[in-house]
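Student: Chains as they are written, first to last, in our numbering: chain A, 692 to 1371; chain B, 753 to 1090; chain C, 76 to 231.
Check the hints yourself; a few may be wrong.
Quick list of in silico lysine-lysine cross-link-like pairs, DSS-like style, CA-CA up to 25 angstroms [stated by the list, open to error]: (1) A/K1218 to B/K972; (2) A/K1218 to A/K941; (3) A/K1214 to B/K782; (4) B/K1043 to A/K1218; (5) C/K106 to A/K816.
Hints in this document: simulated from the structure, not taken from any laboratory.
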Amino acid sequence: MTENLIENTSPADSQERIGVYVCHCGTNIAGVVDVVQVAKWAAEHLKHRGVVIAREYKFMCSSLGQELIEKDIKELGLNRVIVAACSPHLHEKTFRTACANAGLNPFLCEMVSIREQVSWVHNDKVAATEKAKAVISGGVERVRHHVPLEPIVVPINPATLIVGGGIAGIQSALEIADAGFHVYLVEREPSIGGHMAQFDKTFPTLDCAACILTPKMVSVGSHPNITLLTWSEVEKVDGYVGNFTVTVRKKARKIDEEACTGCGICQEKCPKKVIDNVYEAGVAYRKAIYTPFAQAVPNRPVIDVPNCTYYEKGTCKACEIFCAPKAIRFDQQDEILTIEVGNIILATGYDLFDARRMTNYGYGRLPNVFTSLEIERLTNAAGPTNGSVVLRDGKTAPKTVGIIHCVGSRDKNFNNYCSVICCMQSLKFAHLIHERTGATIYNFYIDIRAAFKDYDEFYQRVLEEGTLFVRGKVAEISDVPRMESEKGKLIIQVEDTLVGKQRRIPVDMVILSAGLEPRKDSKEVAKTFGISCSANGWFIEKHPKLDPIATMTEGIFIAGCAQGPKDIPASVAQGAAAAARVLGRIEQKQMALEPVRASVIEEKCSGCRICNGLCPFNAITFHEDRMVTEINPALCQGCGTCVAACPAGAITGTGFSNDQIMAQIEGLLMLNLEPEAVTA
Amino acid sequence: MTPLPKPKFAMYWAASCGGCEIAVLNTNEKILDVDANFDVVFWPVAMDAKYKDVEAMEDGSILLTLFNGGIRNDENERIAKLLRKKSKILVAFGSCANEGCIPGLANLSDSREIVHTAFNTITTDNPHEIYPMTSYDVPEGEIHIPKLLPVLKTLDQVVDVDYYMPGCPPESAQIAAVIDLVVQVVQGKAELPPKGSVIGAGNSTVCDECKRTRNVKTIKTFNRIWGIASDPSLCLLEQGIPCNGPATRSGCKARCPKAGAQCIGCYGPAEGVVDYGARLISAFASVLDAKEPEQIDRILDGLVDPTGQFYRFNLAGSLLKAGVPAWKAESTHKKEQA
Amino acid sequence: MTESFEPTIIGFTCNWCSYRAADLAGTARIKYPPNVRLIRLMCSGRLDPTFVFKALANGADGVMITGCHPGECHYIEQNYKALRRFQLMRRTLQGFGIEPARIRLVWASAAEGARFASEVSSFIEEVRALGPLHWGKNNTIPTPSTETTIKEEVPA
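Isolated chain A, as found in the complex (with noise of 0.2 angstroms):
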């Protein structure tokens, strides 16, 4: 019943023979913490635990220094290795391949940051030395108790499961098959295309956004390599990095797709109008039988089962009264599929702020405010005005419009960050406006975002077309005049910032370039996959400079605005991006894992199961025949929680064991010195 793990050993006793390599860091670290009288007091005070070297070096991580552990390793015998350098995240790995490369374990290697977390936060360079010392007296204690691991192999399932068909989606789904390999692309609504399709042109170089979307999307549809299942959604996520087991619900189209054809009769025969607020943003209608545009994938319609009077009355059935092959299936149900992947593609997309919330500006209220989704739908050509930017009259064309920029983006009232797109898509509204109906623009911005290649220049081209910016946050939009010249119009307050004045403009149409946020459901889609979002709800990235597409979770990857707010050509490449990492995976067939696991030790577990509830990566799993848990060692990802909340100490944790750490405390402590040389 000790509780402390220092025993009376005397060094004849002790087994462990470890290596103290201490880096002078140029000066980063030797001009703060006397590094030679660390290093020497390691070797003297912590011989009795163990230490059989202790050496100081300029630069470790370089190949001499590297060299040095290596000949330690061979001719001194060590079997353990304390590096006392910068931070463990930058060469762990190192450090690690270095006692691997001399035949060590390279999980016998531990390394404590002397820099970081010492030499550069402490000015006092005798305390700075000290706590060098404790630090380097925690890692002794510890790495005695660490154990040879190896990394656990897990096969890779060549098989690839993207989430979401916007272009994102699309672009990696291509990358993938064209590669040889088979995708399974999941989109929950009727087709793919994302909110792409539903722009008219896209900045800066004004391309048609259908002209460029659909022969990818076709390339999509007929790809031998590519499953593709729209109307679907996940449901459930099972297993790990190369072998997961997700659940689809392929919801009913209520269409047998095999029979239909395509032609469309149905939905032009169908009595019933629906406000599509999806694919339309709104402004137009579809019918209850349809396919959200013409240039759909796939070209067969779906049944939007509460808004049909077949299943509301039991009548109608004008669909499948016109349908020449006879494709209707109203008694069709939803499919629930089972598919094995190996890797798992995020790309799901954005929703727009919903710009009601800002009830200052009136949209919702004040009919001839729109938002940016609408403008998009009202200059597009095949749109329900067929590219005539009007009035929601229906006729008139504005001779004034207001463009606001920033609605609902970097504001502390709703999202704090910027959606990076609103500004070019702000421009590309300026100029498409002025060109279709001559009317006078003003951009009501706060910065001009204008950043990646030919954007500035596109900026510039808007200025010289003669439209007006006025630097400053609107203020309100009113539809009460104060004056003969308001009368009729939709009044901008808003504060000129340049020139210091308030200033009342009056304009017919007013577009709220309304910022992206993350979807509504993005929280759940994250638990399902086991990932995690940000606090603004944007899927997060392993590392925001050096990672931005590859999740924490092994196998689960994030493309496009799903990860924050971005243009289409960064949507592209991210797409391109976790696709070309994914093929890596699969053509390695195998990956390793690190072996920071948890385990279940069988015979001490009495099965009360309070870490039933625990794991949010479901490794833990309760055997009722046998009143015990287990916990799967592929699925864990080593966090430690159980291993710490189980009452009877029956989880154990490799690679931060409860032995390691209560060791590391009493070195830290330095207790473990021999009564003369406590220090501090």
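Model the placement of chains B and C on the given structure of chain A, informed by the hints.
Tutor: Frame of chain A; chains B and C shown alone:
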């Protein structure tokens, strides 16, 4: 041929309640096996013997000593050391010797205040403030009574212990089983477990022996045992009754949960556990159904006296061992003496 | 509680957020007092109260527990378990007479190096004001030769 002398047996009580002795007697006829197989040389509750008799014995001559009770005063310590010297196998018997048990709760107070309170409670009139003295001169010489130690210690905090038998008291059936084992060992028919082992107890926790149904746990509120009409077939913890069973060593056949009461933890921690209370704090807290600090506080308000809940039996054997007043008294007292 | 009391603080950081915040404080050369010694865990959910009690019993005057902000845990929601354990631990420690202010819970994201440093600094000062815990350096237990009587005289 003279028969081989029977091995010697001793049992001693330090700071304890006597329940362990009763538990031994509760083994009923088994006690006759003790008598048949051992020469009982020292057992204050059951026979007359003096300390000097023990002092006169050869070192290591007592084969088996069951030592129950915590080390509260210097007499306890002296006899613990004495019996260690004279015994081959010293067993920390019962919760007091293992981990302090109830007497160990005194470690939350300054020991001088304990004396003060004992001699000045509501039921004691002590107008002249008379307190015991540890030594006093009388015409016949100097007389002593034991000195209170600043904190109660467990047996293994003063001497090397060979085996541990937990429980408050250890279950009589378990005692009987241990007696059987030792008899077998003496007869050369069995091996003793490795030194330092826990004997007379299970290898798991109380949940292993509890027949109640268990589901995935969440705690929405803590209830007192008398506060709700509990379901006898369902895990008590799931009903909000703070049952220490999941962290408590098995061996008692889940007596208390079977009777409708929560386990209070008298069998001590599971194998290898360093701090019993920490395990329970971690386990209970992990399954609270709350995410906001205020919500968590509200649920925890229902857990009255967490120190008592988690450390009722093993305060003296925990990592912290005692409360600040006990330690502070020690350091100020040392300063006074200097 | 003399002027020269230097508290010893043991800090637990999580590999993904708060350890990186500590690193960031270093990279940005933000200075804080050297009284804290950090231990890296994979997650604040790994924080076993045993570690806290061990640190306090073995010479630490205060313990700092750090992790990712709620909702941002690398392992989804394990920091909530750390939060719950922290609150129950503090209540239990109060029964031992240990001031609740001796253990502090800090959420810090990988980008909050400056905040990490300032929390450490303020915690060190707070513990300094509380004074040493004096639990018994090197885990010694007082020797039994102390007197416990209050009065030496028996009145006539």
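Student: If a hint holds in the structure, say so; if it doesn't, say that too.
Tutor: So, going through the hints one by one against the coordinates:
{"no.": "1", "hint": "A/K1218 to B/K972", "verdict": "holds, 23 angstroms"}
{"no.": "2", "hint": "A/K1218 to A/K941", "verdict": "holds, 20 angstroms"}
{"no.": "3", "hint": "A/K1214 to B/K782", "verdict": "violated, 64 angstroms"}
{"no.": "4", "hint": "B/K1043 to A/K1218", "verdict": "holds, 16 angstroms"}
{"no.": "5", "hint": "C/K106 to A/K816", "verdict": "holds, 13 angstroms"}
Hint 3 from the list above is the single one not met by this structure.
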